[in-house]
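**Q** Spelled out from the first residue to the last, the chains are:
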Amino acid sequence: MLSGTLPRTLGRTWPSIARVLVCRYSVAAIPTPNRQPDVQFDKLFINNEWHDAVNKKTFPTVNPATGEVICQVAEGDKADVDKAVKAAKDAFQLGSPWRRMDASDRGLLLSHLADRIERDAAYLAELETLDNGKPYAVAYTVDVPMVVKCLRYYAGWADKWEGKTIPVDGDYFCYTRHEPIGVCGQIIPWNFPLLMQAWKLGPALATGNTVVMKVAEQTPLSALYVAHLIKEVGFPPGVVNIIPGLGPIAGAAIASHMDVDKVAFTGSTEVGHLIQQASGTSNLKKVTLELGGKSPNIIMSDADTKVNLEQAHFAVFFNQGQCCCAGSRTYVQESIYNEFVEHSVERAKRRVVGDPFSFNTEQGPQVNEEQFKKILGYISSGKKEGAKLLCGGSVAAERGYFIQPTVFGDVKDNMTIAREEIFGPVMQILKFRTLEEVVERANNTKYGLAAAVFTKDIDKANYISAGLRTGTIWINCYNVFGAQAPFGGYKASGIGRELGQYGLDNYTEVKTVVIKVPQKNS
Amino acid sequence: MHVSENRQRTMSNESRDGQQRENKLSTRPLDTEMPMPVSDLKIEYTKIFMNNEWHDSCCGRRIPVYNPATGELLCEVEEGDKEDIDKAVKCARQAFQLGSPWRRMDASERGRLLCKLADLVERDRQILATLEAIDSGKLFLVAYFVDLVGTIKTLRYYGGWADKIQGKTIPVDGEYFTFTRHEPIGVCGQIIPWNFPLLMFAWKIAPALCCGNTVIIKPAEQTPLTALHMASLIKEAGFPPGVVNIVPGYGPTAGHAIAQHMDIDKVAFTGSTDVGKIIKKAAGNSNLKRVTLELGGKNPNIVFADSDLEHAVEQAHHGLFFNQGQCCLAGSRVFVEEPIYDDFVLKSVERAKKRVLGNPLVPGVDQGPQIDKKHFDKILELIESGRREGAKLECGGGAWGQKGFFIQPTVFSDVTDDMRIAKEEIFGPVQQIMKFSSIEEVIRRANNTHYGLAAGVFTNDINKALTISAALQAGTVWVNCYNAMSSQCPFGGFKMSGNGREMGEYGLQEYTEIKTVTIKIPQKNS
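Sequence order for the protein chains is A and B.
The UniProt record's numbering puts the first residue of the first sequence at 1, with every later residue one more than the last.
The UniProt record's numbering puts the first residue of the second sequence at 1, with every later residue one more than the last.
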C-alpha cells in the first residue's frame with residue numbers, strides 16, 4: 001500500500017526497486033530515529049479531552065520486534081463509546097460551531113492538521129515503527145507523507161463538494177444539498193495505523209461529519225498523538241473522538257449503536273460480515289467496508305522481466321505482507337514460469353529481515369503473536385497440500401515475531417494458501433497458459449480488491465483490466481496509491497470506495513429540495 | 001467585483017453577522033488588533049518579471065505610478081511593450097514544453113505551490129494592503145480585509161482543485177475504450193484592471209496555474225505595484241521559471257501585443273466592454289486564441305415594498321458605493337417599488353451623506369479617491385449629464401477636497417431609463433434610484449440593457465425572489481444581499497458583460513483543453 005517512494009537508503013541494498021520506485025522525486029535525508037520515543041498520550045480522546053476508561057481498564061501495547069510491553073493504554077468499552085457518541089452528536093447539533101463553519105474553514109483545519117503531521121513526521125514514524133514493527137524508513141518516507149497528502153487532498157474538497165440544481169418537470173425549482181451524514185463510527189486496522197486514520201478522517205471531516213474512531217488495540221499510539229494534533233489545530237470539541245479498544249467490545253458497541261449514523265470499517269472480511277449484521281439489527285446505519293483480498297498479479301510472457309520481478313516481489317512482501325491488496329497470487333505465463341520462479345526465490349532470499357529501526361532493514365516483524373502463528377500455520381498447510389516450498393518457511397529470529405520471506409512454487413488454485421488471505425511474507429506462484437484461462441482463474445475467488453497485469457501488449461492490458469472483477473487494476477506497476485484515486489473492493493472485499501472524489505459519496509447524505517415556483521422558465 | 005468579506009468588523013455597518021465572521025480561520029492571527037498600514041514602505045519591485053528574473057524594458061520607457069489620494073509620484077515602473085511581450089511569451093512557451101518541470105509536476109504539487117503562495121501572501125498581508133491602498137486609492141482596511149482575504153482564499157481554493165480536475169472514461173459505441181484528459185491550454189495572456197489589482201491578479205493566475213498553464217499577465221498601468229510584489233512571492237514559493245511572467249504596460253501597446261500574439265493560446269481580459277471587443281477582434285485576426293472576458297455592467301438592484309427596508313437601503317448603498325463605486329458589479333440602477341420609493345430615497349440620501357471621505361490609510365474613512373484624473377473627469381461629466389437630462393440631484397454632485405481625485409457621494413432620484421446615467425457604466429460614487437410598480441415591469445426594464453453581469457433583489461416573498469432570479473439576464477443574482485462573492489461561486493456576464501465564467505469549478509473550464517483518447521480494444525465488456 002504505497003506509491004512511488006522508498007528511501008534512498010533502501011536503494012543501496014535494493015537497487016532495482018529503488019530505480020523503479022524512487023523515480024518521481026528524491027527523498028530528503030531521513031532523520032536518525034529515536035528508538036524509544038516518549039509515549040505522550042495513552043488515554044481516550046473525547047471532546048478534545050483525555051479520559052480514563054469508565055471502568056478504568058487498560059491494555060498493554062507491545063513492540064512486535066521484541067515482544068515487550070511498550071505501555072498500558074486506556075481500553076474503551078461500551079460506556080466509553082456512549083460518551084464519545086454523545087460528544088460527537090452534540091458537536092453535530094444544528095447551530096454548533098462545526099455545523100456553522102464555512103466549508104473552506106473545515107478545509108483549512110484539515111490542511112493545518114496535515115502541516116502539523118508533517119512537522120512531527122519523524123516522531124510519528126518512530127511511534128509507528130515501535131508499535132507496529134514496520135521499518136522506520138518506510139514509515140517515514142511512505143506512511144507519513146501519504147497521510148499528509150491524503151489530508152491535504154480532502155482539505156481541498158471541503159468547499160468543492162457541490163450539490164446540483166435540477167431541471168425537474170413542472171413549475172418547481174429543485175436543488176440538492178450535500179449534507180454530512182452525522183456521527184460516523186470508524187474502525188481501523190493495525191497494518192497502516194496512521195494512513196488508515198487519515199483515509200477515514202479526511203473525507204469524513206471534509207464533508208462535515210463528526211467521528212468516533214476505534215483504533216486497533218495492537219497499534220493505538222500514533223492515532224492518539226494525531227488526536228493531540230487535532231485539538232492543537234482547533235477542531236471544535238467532539239468533532240473527532242478516538243477510542244482505543246477491542247473489536248468485540250468497543251468495535252461492536254460502535255457497529256450496533258443506535259446513535260451512530262454511519263460505520264466505516266477496514267479489516268478482515270470475517271469482521272466485515274459482523275459489522276453489516278450489527279447495522280441490520282440496530283438502526284440500519286450506512287456501512288462501508290474495506291476488507292480482505294487475494295489479489296492476482298498476472299505476469300504475461302512479453303513483460304519486462306526486471307520490472308515485473310521486482311514489482312511482484314514488492315507486491316507480496318511490502319509491509320511484511322500485511323496488506324489487504326497484497327499480490328498474493330502471482331500468475332506467471334508458462335514460457336517464463338521457471339525463470340521467474342528462480343529469480344523470485346533469489347530476490348526473496350536477499351530480503352533483509354531485522355531491526356525495523358535499522359535503515360538496511362526491508363522487513364520487520366509481524367504485528368503480534370496471533371498473526372505470527374497464523375502465518376506459520378498457513379505455511380505448513382502449503383507444504384502439506386503439496387506446494388513446493390522454495391525458500392523461507394519458518395521463524396526468522398529468536399525473539400519478536402519475525403518470519404522468513406517465503407516463496408511457494410507449483411501452487412494450485414484449490415490449495416488453502418491460494419484461496420485464503422495469509423497477510424504475511426508468503427508468495428504463491430501459479431502457472432498459466434492463456435489469457436482467457438488466467439482471467440477466469442483470477443476471478444475465481446470471493447475477493448475482488450486489487451489486481452495487476454504485467455505486459456507490453458496494449459490489447460492484453462485492456463482485456464485484463466476490463467475482465468478482472470476487482471476495485472483496482474495496476475498495469476505494469478503495483479501498490480500505486482494516490483489520494484486522488486478511489487480504492488475499494490468488489491464482492492467480499494468490501495462495500496463502497498475510499499479516496500478520490502468517490503470517497504466523499506460515502507460520507508454524504510443527498511437532500512433534494514423542491515420549491516413551488518409561480519412560473520418556470522429555462 | 002469584490003468579495004463577501006464586506007462582513008468585517010471594520011466595515012461595521014455592513015454586516016449583521018459580522019461579529020461571528022471575525023473568527024475566520026485564515027485571518028484569526030491578524031484579527032486581534034486593528035491592522036495599520038506599513039508607515040515607511042519602500043517600493044522594492046518596479047521591473048518586468050520574466051523567467052523568475054527582473055528585466056528592464058526593451059524600449060527603455062517607464063510608467064509613472066501615482067498615489068491618487070495625493071497626486072504624488074510613487075515610483076516609476078518599467079514599461080513593457082511588444083518586444084517585452086515576445087520575450088515573456090518565449091519564457092512561458094519554454095516552461096510549457098513537454099518534459100519541462102512544470103509539465104511533469106504532480107498536480108497535487110501544483111496545488112501545494114498555490115497554497116504556499118497563499119501563505120506568503122498572508123505573511124505579507126500588511127505590505128500588500130498598504131501597497132494596494134497607496135497605488136489604487138482604496139481604503140487600507142478594505143484592502144486588508146477584503147482584497148487580501150479574497151486573494152488568499154482564491155489561491156487556496158484553486159490550490160485544492162489542482163488534483164481534482166478529472167477527466168472521464170466514456171462508454172462509446174463499438175469496440176473502443178475512450179477517455180478524456182483535461183489538459184492545460186498552454187500559454188495564457190491575462191490582462192487585468194486597476195479596481196481590484198491584487199484580487200484580479202489572483203482570480204486570473206490561480207485557475208490558470210491550477211490547471212497547469214503558463215501565464216503572461218499585464219497589470220494595469222495605474223496599479224502595477226502589488227502584482228510586482230506577487231512576482232517576488234511566486235519566485236519564493238518555488239514556481240519554476242517562466243511559469244508566471246508579469247509585464248506592466250499600457251493596453252494599446254502591451255495589452256494589444258498579448259491579444260494578437262500568434263503564440264499565446266488563450267487570453268483572459270477584465271475591463272471595459274469597449275476594450276473587450278478589441279480583444280476579441282484581435283483574437284479573430286490572429287490565431288483564434290480562446291477568449292474569456294469579464295466586462296462592464298449596469299446592474300439592477302430591485303427593492304420590493306415587502307423587504308426589510310433598513311437592510312435594503314444599507315445593502316444598496318454598499319452595492320453602489322463600495323470601492324468608490326469602481327466595481328463592474330456595482331448596483332447602479334436601484335429599482336424601488338412605488339409604495340416605499342420616497343422613504344427609500346430619503347434614507348439613501350441620509351446614508352450617502354454620512355459617508356466619510358478622506359485619506360484611505362486612516363481608519364474611519366469610508367471613501368477614497370477615484371483612480372486617476374481621466375476617470376475623475378468622466379464621472380463628473382456623467383453627473384452633469386444626469387442633471388441636464390432631468391434627474392433630481394439629491395446630494396453630492398461635485399469634486400471633494402483640495403487635492404487627489406475625490407468625488408462627493410452622489411444620489412440621483414427620479415431617474416428614467418433613457419437617461420445616460422441609467423444606461424452607461426459610471427464606475428463612480430453615483431447612485432441612480434428609479435421607481436417601478438409591477439414585477440413584470442421591473443423585469444423588463446432591468447433586462448433592457450446590453451449588460452448582464454449581476455443583479456440584486458430584496459424581498460421577503462419567496463415567489464418574487466425565485467421569479468426574479470430566473471428572469472434576470474445576469475450572471476449573478478443576489479437575493480437579500482449584494483456583493484456576496486466567494487471563491488466557490490462562478491462569476492461572469494450574460495450578453496456584453498462578458499464571455500465565460502471565473503471562479504468556482506466553472507472557472508477551470510476556461511483554462512482546460514479536453515482531449516478525447518480512443519483506443520481500439522479486442523473485445524468490449526460493460
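Be a bit skeptical, because a hint or two may be false.
[To be verified] Straight-line Cα separation of at most 35 Å, DSBU-like style, residue types lysine-lysine; simulated pairs:
id, chain 1, residue 1, chain 2, residue 2
1, A, Lys-491, A, Lys-160
2, B, Lys-164, A, Lys-231
3, B, Lys-235, A, Lys-306
4, B, Lys-354, B, Lys-373
5, A, Lys-160, B, Lys-464
6, B, Lys-235, A, Lys-491
7, B, Lys-235, B, Lys-164
Hints are computed from structural coordinates only; laboratory data are not their basis.
**Q** For each hint, tell me whether it holds in the structure or not.
**A** To see whether the hints hold, each was checked on the structure:
1. A:Lys-491 - A:Lys-160: With Cα atoms ~31 Å apart, A:Lys-491 and A:Lys-160 stay inside 35 Å; holds.
2. B:Lys-164 - A:Lys-231: holds, 28 Å
3. B:Lys-235 - A:Lys-306: Violated, at about 41 Å.
4. B:Lys-354 - B:Lys-373: Holds, at about 25 Å.
5. A:Lys-160 - B:Lys-464: It holds: about 29 Å lies between the C-alpha atoms, which stays within 35 Å.
6. B:Lys-235 - A:Lys-491: Not satisfied, since the Cα-Cα distance of roughly 50 Å exceeds 35 Å.
7. B:Lys-235 - B:Lys-164: The given pair, whose Cα atoms are some 25 Å apart, holds under the 35 Å limit.
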